[in-house]
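Given chain A's structure and the hints, the job is docking chains B and C onto it.
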Amino acid sequence: MPVRVEECSAPSQLSGNDAFSGHVLPPYTLLSVGRAFTGTQNVSSLQKDEAWRVNVRIQGCDLDQGYLCGTMEALNVPLADTPVVTFWEGEIIDAKNYTFYTGKWEATPDDDIKHWCKFPSFAPLLSQVETDGGKSLDLSNYPFIFMRWKEQYFVNVGIDCGLTIAGFYYVCFSCSDGSINGFYYDPNSSPFQKLELKSANEGHNGFTFSSYQLQ
Amino acid sequence: MSHFWIVLGHLQSIEAMATSKKVITKEEWEKKLKDVRIRKEDMNKLVMNFLVTEGYVEAAEKFRMESGTEPDVDLATISDRMAVKKAVQSGNVQDAIEKVNDLNPEILDTNPQLYFHLQQQRLIELIRYGKVEEALEFAQEELAPRGEENQGFLEELEKTVALLAFEDVKNCPYGDLLDVSQRLKTASEVNAAILTSQSHEKDPKLPSLLKMLVWAQNQLDEKAAYPRINDLSTATLEDPPV
Amino acid sequence: MPASAVSNRPEDVTERLGASVAARDGETLLKALREVKNQIIGNKTKKLLYIHLGAVPKIVAVISAAASGNGGYGEASVVVQAAAAIGSFACGVEDGVHAVLAAGAVPHLIQILSYSNGKVVNAGARTLRIIFQSKLAPKYDVLQVKNMKFLLSLLNSHNENLNELAARIIAHSCDKYEEQKVLCDAGVLKRLVELLDAASNQRDAYIDSVVAVVKNNSEVTEYFLSIGNGRAWSSLIEIMHDRNPQTRYLACVCLVAIGKASCWNSKELQTKTKLMLVLVELLEEPSQAGDEASFALSDLLADKEELHKQAISINVVEKLCKFLESSLPARRLEGILLVLAEICSKLETGRYLLLSLQVLNHIAEALKHECAEVRIAACLCIRNISRSIKNLSAGCMSNETVLVPLVRLLHDPSTYVQDAALGAVCNLAVDFTFKKPALMKYGGVSQLIQLSKSMDSTIRLKSLWALRNLTFVADRIGKEFIASELTVFALASLICDPEFLIQEQAMALICNLIHGCADFIKLVFAEECLIMNAVTRQLKSDSATQVCVQGMLLLCNVAAGDQSHKEAVLSCIIPSEANGTAVSFILRFMRNKDHFLRTASVWCILNLTIRDGANSPSRVRRLQNAGIVSQIKSMVNDPWLDCKFRVRTVLEQCSIVDSTST
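For the protein sequence lines, the chains are A, B and C, in the order given.
Each number in this note's numbering comes from the position in the first sequence (counting from 1) with 474 added on.
Each number in this note's numbering comes from the position in the second sequence (counting from 1) with 4 added on.
Each number in this note's numbering comes from the position in the third sequence (counting from 1) with 32 added on.
Bound conformation, chain A alone (with noise of 0.2 Å):
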């Protein structure tokens, strides 16, 4: 994924020119680099109830490219003795870079519509997604944001952790009070497992910012 970077080289170009405005807020603060979220994924089977505690970091974000990337820990992962981290990528569903079809990932457009229907907030958008794959649609105003969270690879620990990255997560975030919710989605684990997530504070009286820019 093509990832934003600022030029700058010649010391001419230090002062004047604005090739380095803009970009220390993403248009969605809550989704910003360097944010938390944490919660739960919902892991229930037939047999038990359970739920892993989640923490999410967002670490690169291009909305131009409708790319998203972060890490998601799990914490009381049954038979892992540390936390479980994973590096994921995202994809936004921005009807320029991706639409509501994810025609990958061993999901048809019929597993598509299922998971994004579990959302409340894309009910209005049905019909439309219905007759176009959502194409016609501007989302730029929306106050929620879907997306599509594929792991990549377990960041601190083997493959071999007992954990699939398989699937991917189908994702909708809230722009009003940056709460994030999600469904698990791989053929071969239990359906529909829920995440559950909300923008973290971590132990601040208030919402504090931090970024990088690349170059």
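No wet-lab data here; the hints were simulated from the structure.
There could be a bad hint or two in this list.
Stated by the list, open to error - In silico DSBU-like cross-links for lysine-lysine, where the CA-CA straight-line distance does not exceed 30 Å:
| id | chain 1 | residue 1 | chain 2 | residue 2 |
| --- | --- | --- | --- | --- |
| 1 | B | Lys35 | B | Lys227 |
| 2 | A | Lys570 | C | Lys378 |
| 3 | C | Lys422 | A | Lys570 |
| 4 | C | Lys378 | A | Lys609 |
| 5 | B | Lys163 | C | Lys76 |
| 6 | A | Lys624 | C | Lys336 |
| 7 | B | Lys103 | B | Lys163 |
Relative to the frame of chain A, chains B and C by itself:
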């Protein structure tokens, strides 16, 4: 992942080939050959190219009159070039250098390796005729500075000077520097440089065409049985083995 | 041999040169000139010796005498030998070019071009051509009408040597827009296109001069492409497959220059692909063409994402990486690294491919290269590979092999190398693997802190930038180390730096320190509120918008602290009674057209109005009194979605949501 698929695809096609080797009969082959038209003028050009490059002035002149094929360089320059070549072959290296400089002063100025090899040949000639003092002085004054400019030259220079250390140079490990073949090697290097400076290819085209023929036949051997040319001097098509 | 009677020591030969000129002894002079020529051709030592002995002016005098028509030895063979000797002096030795120019050879050589004797003309042309191939040669002013006339006469002559000379002069002298225009209008390009068709050694010169005339000039390039219905373009495409590597290289350079100046027709992908293939193949050549090919390739690829894609699909990366495995001359290595850097500049696939080919070690090795240009190219390569958050997250780059030499380059004597190394360090500093101490371990952080005090503003900016990235989501130990090494004084003075980009980085760094580590807020109030005061000062003065955004985010982070921190931010944004007439900067910011500035300001108020204890109602009251709450109320339908949502939260927190507004 993509690498894997390519390799797999490759293997499959190789396997497929191994199982079905096509047989082409002499008749089919000759029929196909007839369909390829080669212009007489092109063939003549190839011959002229060979004669000019190899420096056969008289033959080139005769061939020009007989076939009407114009050589791509002034035939007079061939004589100059041959004179240089001959001078090196007979050990008159200084004479050869002056002739090259008269022909085109840029050749040796822009080709340090050739210049070094000519100077080295001069040194070899001095050693050959037992002019030890002169040889040492020449090596010191003319060749040593070149060695300072280039590590490769320095090594070659050391080997050449080593000839002086042996009473019986034939037993010196670098004795073959005194061989006629060394003169021929240097002569052909000069020849090539002059040709290049005249916008001419330094090798004739015919031999490389023959090499290409051999290569193509080897490639084809893996895929088909066909009438092969085994004897290049007669170019007869042999029947394919069944 | 009578020759053995005369000494051929350079001293004696030079002596004889002078004597025979004075004595008008043509025969001795001819012999002496031939001797000099044959001694110096190919022999740098002898050239320098003769230059030292003062032979050059003596030989030039022979030509000038011949050119002015006086002097009894003005016969052709003497002039030919003299011209050849001068040409050799100017060939490959800078001192020689100096000596020849200083002796005033050029105008005399130009004069002998009008001789009727072909040999003299060719010798003169050849020598002038050599002189004009040197960077030291003076520019030939083509804007002068008589010069242009002369140039055209050379170019239109039937003598190839004169044609080539004209081409060399043009290639050497033409670099300005109006020169290109004048040459084009005079029909130079038309003639060059004709000449291109003739297969010859001279062709390289013709291509060179085409490049000089069309480069970066779309108007002239358009015309060039129209000559003979695009004949020139197809000729060049053909020449791109010439058997001479130098010619192939020049044709590629020319096609790239034309392509760039004419903004490449998008249908030309096939040609560009061919160009890439030819240039990559040229890398196999041991000659200069092989050294330079990669530079033309990176020029072709520069900033063209679709070409990067194409380059990857035709295996350019694999082929280039193969070269890295062997030891390469500096120039070649530099060029190859630049191409790899270019291909990794935008596309993640390029970066991924390069890492999978396991050449990182070779690139890291190039960081230690003795040649500064190679070190810079290696830095660019590493910087661009590490533009991938995925790679950074996987920690692929944060190992000793890369970091140790890179940190050493932060001490490099060349500012250019330092600058390039900082670029790479900036990106590597964004490391998510909790290996950040790695950079610290190798002394990188201390050096970055040193460089943040540099007099050079670019170095200051980039080192601070790296520190800012390093503090992003860092652990406490790392943050503490950086904060204590950098000191509150230095941070405050960087906030007040004359360069606003530096002010911004300094504030962003402090934001990062606070985020996730609330107790770092005390840093802002240390040394009698040094940092807080500096930030306030920047916000109150008319700073650049991006500085204000970053400043508001900093206040926002501070406002996420305890009661006393919130109190301090409040008194910062609300002017004291004493100068109550002044409009608070935060009101100006919330009315600003920049939505980021509005959002950052609202976030700050949001943190101040969080209901977290007994003091929050009084804070809300003070905000109301200062007119800030009513300003926020007016923003309830802010066009910027993010801002609108924050405004609503603030109003909710202030418990005064107007139920009628939606």
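Taking 30 Å as the top limit, are the C-alpha atoms of Lys103/B and Lys163/B close enough? holds (28 Å)
Starting from Lys570/A, check that the Cα of Lys378/C is at most 30 Å away, please. Holds. Lys570/A to Lys378/C sits at ~19 Å (cutoff 30 Å).
Straight-line alpha-carbon gap Lys624/A to Lys336/C, limit 30 Å: holds (29 Å)
Is the hinted pair Lys163/B and Lys76/C satisfied, with a Cα-Cα distance of at most 30 Å? holds (23 Å)
So if I understand the rule, the pair passes when the alpha-carbon distance is 30 Å or less; does Lys35/B with Lys227/B pass? holds (20 Å)
Take the C-alpha atoms of Lys422/C and Lys570/A, compute the straight-line distance between them, and say whether it is at most 30 Å. This hinted pair holds, its Cα atoms lying about 22 Å apart.
Given the hint that Lys378/C pairs with Lys609/A, does the C-alpha gap stay at or below 30 Å? With a Cα-Cα distance of about 26 Å, the restraint between Lys378/C and Lys609/A holds, given a limit of 30 Å.
When each numbered hint is compared with the structure, no violation occurs for any of them.
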